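Asks: Using the sequences provided together with the hints, build the complete structure.
This note's numbering puts the first residue of the sequence shown at 285, with every later residue one more than the last.
Quick caveat, the hints were computed from the structure, so don't treat them as lab data. Bear in mind the structure is a predicted one, so any value in this text is a computation, not a measurement. The reader is advised that the hints may include incorrect statements.
Said to hold, decoys possible - Below, computed lysine-lysine pairings styled on PhoX-like, alpha-carbon distance capped at 20 Å:
no.: 1; residue 1: 402; residue 2: 389
no.: 2; residue 1: 569; residue 2: 402
no.: 3; residue 1: 481; residue 2: 411
no.: 4; residue 1: 624; residue 2: 432
no.: 5; residue 1: 288; residue 2: 629
no.: 6; residue 1: 365; residue 2: 340
no.: 7; residue 1: 365; residue 2: 386
no.: 8; residue 1: 624; residue 2: 599
no.: 9; residue 1: 373; residue 2: 432
no.: 10; residue 1: 386; residue 2: 482
no.: 11; residue 1: 389; residue 2: 482
no.: 12; residue 1: 516; residue 2: 389
no.: 13; residue 1: 629; residue 2: 426
no.: 14; residue 1: 288; residue 2: 389
no.: 15; residue 1: 599; residue 2: 459
no.: 16; residue 1: 516; residue 2: 386
no.: 17; residue 1: 357; residue 2: 330
no.: 18; residue 1: 482; residue 2: 365
no.: 19; residue 1: 389; residue 2: 432
no.: 20; residue 1: 402; residue 2: 432
no.: 21; residue 1: 599; residue 2: 426
no.: 22; residue 1: 411; residue 2: 389
no.: 23; residue 1: 459; residue 2: 482
no.: 24; residue 1: 386; residue 2: 357
no.: 25; residue 1: 569; residue 2: 432
no.: 26; residue 1: 516; residue 2: 459
no.: 27; residue 1: 569; residue 2: 599
no.: 28; residue 1: 411; residue 2: 288
no.: 29; residue 1: 365; residue 2: 481
no.: 30; residue 1: 402; residue 2: 629
no.: 31; residue 1: 624; residue 2: 288
no.: 32; residue 1: 288; residue 2: 402
no.: 33; residue 1: 365; residue 2: 389
Claimed, not checked - Beta-carbon label-pair distances, calculated as ranges:
no.: 34; residue 1: 486; residue 2: 373; range: 38 to 46 Å
no.: 35; residue 1: 477; residue 2: 397; range: 32 to 40 Å
no.: 36; residue 1: 561; residue 2: 343; range: 34 to 42 Å
no.: 37; residue 1: 412; residue 2: 459; range: 22 to 30 Å
no.: 38; residue 1: 412; residue 2: 591; range: 34 to 42 Å
no.: 39; residue 1: 394; residue 2: 481; range: 20 to 28 Å
no.: 40; residue 1: 357; residue 2: 570; range: 38 to 46 Å
Ideal Cβ placement from N, Cα and C applies to all residues, glycine included.
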Amino acid sequence: MPVKCAVNGFGRIGRLTFRYVWDDPELEIVHVNDLCSCESAAYLLKYDSVHGTWDKEVEQAENNEDAFTVDGKLVTFSQCKDFTQVDYKAMGVELVMECTGKFLKVQELNQYFDCGVKQVVVSAPVKEDGALNIVLGCNDHKFTTEHKLITNASCTTNCLAPVVKVIHETFGIVKGCITTIHDVTGTQCLVDMPNTKKSDLRRARSGMVNLCPTSTGSATAIVEIYPELRGKLNGLAVRVPLLNASLTDCVFVVNQDVTVEQVNEALQRASESGPLKGILGYEVKPLVSTDYTNDTRSGIVDALSTQVIDGNMVKIYVWYDNEAGYSKRMAELCNIAAAKNISEKEPSFNE
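Replies: Written as C-alpha cells, this is what we have:
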C-alpha cells in the first residue's frame with residue numbers, strides 16, 4: 285500500500301513537488317492545504333508558465349468545491365491557515381510535505397505529530413536542533429529512523445553542496461565564497477511596493493527590472509555536512525529579472541595547486557558514478573540559462589567556464605533549475621523518508 289501524503293502550501297515548490305510525487309507508486313497524495321481557492325490550486329497545478337502544461341487532466345471536482353481530480357482521482361482541499369485544523373488522522377495521512385516556507389521552527393513543526401502524522405519533510409532549511417537538513421548525495425547517510433522531521437535544505441544549497449563535496453574531498457578547501465545569480469521568487473514584488481514577506485528593503489523594488497543583491501544561507505549551511513569548513517565559506521545572492529534557471533559562481537582556495545583539467549576531471553567523474561550520479565551534472569556545450577529549464581539535476585557544472593588562478597584559486601560556474609531540480613530532490617526525499625520510517629522498505633524513487 286502506498287503511503288498517504290498531504291501537501292501544506294501549494295506555491296511554486298508545493299505544486300512542482302506534487303507533479304513529481306504523483307507518479308510515484310510508493311506515495312499517494314490525498315490532500316492539499318493552502319490559503320488559495322481550490323479552483324486556483326487546480327488551475328495552477330495544470331498550467332505553469334515556466335515548466336509547461338502538465339500531461340494530467342486536472343479539474344475541479346464535480347459537486348465538491350473542496351476537492352479537485354487528477355486523471356479522475358480525487359484530492360481533497362482545505363484552506364486552513366493553522367495546519368493543525370486539518371484532520372490528517374481521519375484521512376490516514378502519514379507524511380506531510382511542508383511547502384509553505386513559513387513554518388521553520390521545530391516547536392511549531394512538531395505539532396504535525398500531534399495530528400497523527402508520522403513524517404514531515406520541509407521544503408526549506410530549519411536552523412534548529414531537532415530537524416535534519418538533508419542534501420541528497422552529500423549527507424543523506426545521516427538520515428535514520430529517529431529523524432521524523434527532516435528538510436530538503438535550500439535550492440542553492442542543493443546546487444552548491446555536491447560541488448563542495450567533490451572539491452573538498454579531492455583537493456581540500458581552505459576557504460571560499462559564492463554568488464548565486466538567482467531568478468525572481470514570490471518573496472519579491474512585481475512592481476515597487478511595500479514587501480510584507482521579507483524585511484529586506486531591496487525586495488520591495490520591482491523584480492522585473494532590477495538586479496537585487498540579497499542574502500543566501502547556502503554557503504554557511506554547508507557546515508552541517510562539513511563542520512571543518514565552519515567560518516570558511518560564505519556568499520551572497522543577486523536576484524535577476526528571469527523566471528527560471530539560476531547560476532552559482534563558486535570560488536575556492538584549495539590546499540594544493542591544481543589545473544583546470546584536474547578540476548573538471550574530478551567533477552565529471554563524480555557526475556558519472558557514485559552518490560552524485562543524477563544529482564550533479566557536467567556540461568561541455570556552450571549552453572545558456574533557458575537550456576536548463578526542467579533539468580532535474582541539482583546542479584550542472586559549466587565546464588567551459590572553469591578557471592584556476594595562481595595555482596590554488598578555483599572558479600566554477602554551476603547551473604540549476606532552482607525549481608525543478610529542488611522539487612525533484614524533495615520528491616525523492618519523501619520517497620526515502622516514507623520507505624525508511626513508514627513502510628520499512630528500500631527506497632524506490634526513479635533516478
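Asks: All hints are to be evaluated individually against the structure, with a verdict given for each.
Replies: How the hints compare with the structure:
no.	hint	verdict
1	402 - 389	18 Å, holds
2	569 - 402	45 Å, violated
3	481 - 411	19 Å, holds
4	624 - 432	10 Å, holds
5	288 - 629	15 Å, holds
6	365 - 340	28 Å, violated
7	365 - 386	11 Å, holds
8	624 - 599	38 Å, violated
9	373 - 432	17 Å, holds
10	386 - 482	11 Å, holds
11	389 - 482	17 Å, holds
12	516 - 389	26 Å, violated
13	629 - 426	17 Å, holds
14	288 - 389	24 Å, violated
15	599 - 459	12 Å, holds
16	516 - 386	29 Å, violated
17	357 - 330	14 Å, holds
18	482 - 365	19 Å, holds
19	389 - 432	14 Å, holds
20	402 - 432	7 Å, holds
21	599 - 426	29 Å, violated
22	411 - 389	8 Å, holds
23	459 - 482	30 Å, violated
24	386 - 357	29 Å, violated
25	569 - 432	42 Å, violated
26	516 - 459	5 Å, holds
27	569 - 599	18 Å, holds
28	411 - 288	27 Å, violated
29	365 - 481	16 Å, holds
30	402 - 629	16 Å, holds
31	624 - 288	15 Å, holds
32	288 - 402	11 Å, holds
33	365 - 389	16 Å, holds
34	486 - 373: 38 to 46 Å	43 Å, holds
35	477 - 397: 32 to 40 Å	39 Å, holds
36	561 - 343: 34 to 42 Å	38 Å, holds
37	412 - 459: 22 to 30 Å	26 Å, holds
38	412 - 591: 34 to 42 Å	38 Å, holds
39	394 - 481: 20 to 28 Å	24 Å, holds
40	357 - 570: 38 to 46 Å	43 Å, holds
Violated hints for the displayed structure, listed by number in ascending order: 2, 6, 8, 12, 14, 16, 21, 23, 24, 25, 28.
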